[in-house]
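Engineer: Sequence order for the protein chains is C and Y. Heads up: the first sequence at position 88 corresponds to 88 in this note's numbering, and the numbers run straight through without jumps. Heads up: the second sequence at position 59 corresponds to 59 in this note's numbering, and the numbers run straight through without jumps.
Any given hint could turn out to be false.
[To be verified] Below, a list of computed lysine to any residue pairs in the SDA-like style, where the Cα atoms sit at most 25 Å apart:
no.: 1; chain 1: C; residue 1: Lys9; chain 2: Y; residue 2: Gln85
no.: 2; chain 1: Y; residue 1: Lys14; chain 2: Y; residue 2: Ala82
no.: 3; chain 1: C; residue 1: Lys94; chain 2: Y; residue 2: Val88
no.: 4; chain 1: C; residue 1: Lys73; chain 2: Y; residue 2: Lys14
no.: 5; chain 1: C; residue 1: Lys73; chain 2: Y; residue 2: Glu100
no.: 6; chain 1: Y; residue 1: Lys9; chain 2: C; residue 2: Lys73
no.: 7; chain 1: C; residue 1: Lys94; chain 2: Y; residue 2: Gln57
no.: 8; chain 1: C; residue 1: Lys94; chain 2: Y; residue 2: Tyr64
no.: 9; chain 1: C; residue 1: Lys94; chain 2: Y; residue 2: Thr5
no.: 10; chain 1: C; residue 1: Lys94; chain 2: Y; residue 2: Gly40
FYI, nobody ran anything at the bench for these hints, they're computed from the structure.
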Amino acid sequence: AQRVTQPEKLLSVFKGAPVELKCNYSYSGSPELFWYVQYSRQRLQLLLRHISRESIKGFTADLNKGETSFHLKKPFAQEEDSAMYYCALEGTDKLIFGTGTRLQVFP
Amino acid sequence: NAGVTQTPKFQVLKTGQSMTLQCAQDMNHEYMSWYRQDPGMGLRLIHYSVGAGITDQGEVPNGYNVSRSTTEDFPLRLLSAAPSQTSVYFCASSLTIGGEQYFGPGTRLTVT
Numbered sequence: 001a002q003r004v005t006q007p008e009k010l011l012s013v014f015k016g017a018p019v020e021l022k023c024n025y026s027y028s029g030s031p032e033l034f035w036y037v038q039y040s041r042q043r044l045q046l047l048l049r050h051i052s053r054e055s056i057k058g059f060t061a062d063l064n065k066g067e068t069s070f071h072l073k074k075p076f077a078q079e080e081d082s083a084m085y086y087c088a089l090e091g092t093d094k095l096i097f098g099t100g101t102r103l104q105v106f107p
Numbered sequence: 001n002a003g004v005t006q007t008p009k010f011q012v013l014k015t016g017q018s019m020t021l022q023c024a025q026d027m028n029h030e031y032m033s034w035y036r037q038d039p040g041m042g043l044r045l046i047h048y049s050v051g052a053g054i055t056d057q058g059e060v061p062n063g064y065n066v067s068r069s070t071t072e073d074f075p076l077r078l079l080s081a082a083p084s085q086t087s088v089y090f091c092a093s094s095l096t097i098g099g100e101q102y103f104g105p106g107t108r109l110t111v112t
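Bound conformation, chain Y alone (with noise of 0.2 Å):
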């Protein structure tokens, strides 16, 4: 099993461009989140989905939109990028809520 999986790894934007950060898990679970790692502010939940065809917002779900259309796939698009969206983003996922969480490597992104 690949377990959870990001791509890209790194990402340098321009302010107002749009991209997608990707995220596959092959374990077949139901729940996956996206988080935000700041200096100083430790993970925050930005979307999370508690099955296909079902997303959620978090703490700070502002300027980022989420689908899950598969078991396997959830990715989050940022819209318009800003340089306050510079962090490091972990996707995850687990069985159920409380279970143990299985996160990906993350990708680094800047935004200039």
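Next up, chain C with everything else stripped away, as it sits in the complex (with noise of 0.2 Å):
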């Protein structure tokens, strides 16, 4: 079965501390796989994929293939990092979102 599962629902931090959101994929073959991020009032939005090994924001996420996860990590956060953060993955013939983790930076 493809699946994303993201196993936390909230992360609160405070500002300057490390950030990780966890996600895990189930996908026979090379996986395709997304951040998406929701700020209050905006709409959802890539953040990064992993084929382009980008850092945005400086977020970073790296595909562990052993593990089957591609968690999303931040050294410092900021307080507007705080958002909703949706892991996703390409399937046969859509997109498979997890259900997403609400990340709150306290300053």
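Take each chain as given, in its own frame, and dock them per the hints.
Structural biologist: What follows is the structure, given as structure tokens:
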């Protein structure tokens, strides 16, 4: 089965603390994985995809095929990072989203 | 470019009423999809389309119909609204399935 699991519904950290948003996937073959973000009162938008190997807004995500994970990391959280984050997997003919993790960054 | 537009922004329906949520994109994207967003459930795919004239069911298609007569438009029809369909609905489009998805602003639907 093709599936994305985000085990944490809510992650709360203080400004300056490291952040890791967990994402695990189930897929046979080479997966294409993404992170999408929804800031308050804004549209969902692409944050990053694993094939581009970019760092966007200080966030990075590494594909670990052995652990079937694609965790999103940032070394020092900022208040403006507070948002809803979704991990997504390109399935056979559709994009499959996880249930999302709300990140709260306190001052 | 307007990107992905959705109307209406808000809607209240009574149980049993029908309505159509409109979605349009002006980026010439082949792939369009409808999601519903519920607390704790994340984004769930309702229906999707890989091109004009082609639609398919997603994870939660019951109670919804779609059609894709043009590349630009992908309306979602609620046949007989139920309280369980109270949700925020998002339309999205992309060049390909694995391409960047562009989302609309969402429609907040309440069914009483």
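Engineer: Confirm or reject each hint.
Structural biologist: We went through each hint and held it up to the structure:
1. At roughly 22 Å between alpha-carbon atoms, lysine 9 of chain C and glutamine 85 of chain Y fall within 25 Å of each other, so this suggested pair holds.
2. Restraint check for lysine 14 of chain Y and alanine 82 of chain Y: satisfied, since their Cα atoms lie roughly 8 Å apart, inside the 25 Å limit.
3. Taking the CA atoms of lysine 94 of chain C and valine 88 of chain Y, the gap is near 20 Å; set against the 25 Å cutoff, the hint holds.
4. Under the criterion of a C-alpha separation no larger than 25 Å, the hint pairing lysine 73 of chain C with lysine 14 of chain Y is inconsistent with the structure, at around 44 Å.
5. Using a Cα cut-off of 25 Å, the hinted pair lysine 73 of chain C and glutamate 100 of chain Y holds, with the two alpha carbons roughly 20 Å apart.
6. Between lysine 9 of chain Y and lysine 73 of chain C the alpha-carbon distance is near 33 Å, which puts this suggested pair outside the 25 Å criterion.
7. For the hint linking lysine 94 of chain C to glutamine 57 of chain Y, the alpha-carbon distance of about 10 Å falls within 25 Å, and the restraint holds.
8. A C-alpha spacing of about 18 Å is found between lysine 94 of chain C and tyrosine 64 of chain Y, which places the hinted pair at or below 25 Å, so the restraint holds.
9. At roughly 21 Å between alpha-carbon atoms, lysine 94 of chain C and threonine 5 of chain Y fall within 25 Å of each other, so this suggested pair holds.
10. In summary, the hint linking lysine 94 of chain C to glycine 40 of chain Y is supported, as the alpha carbons are separated by about 21 Å, within the 25 Å threshold.
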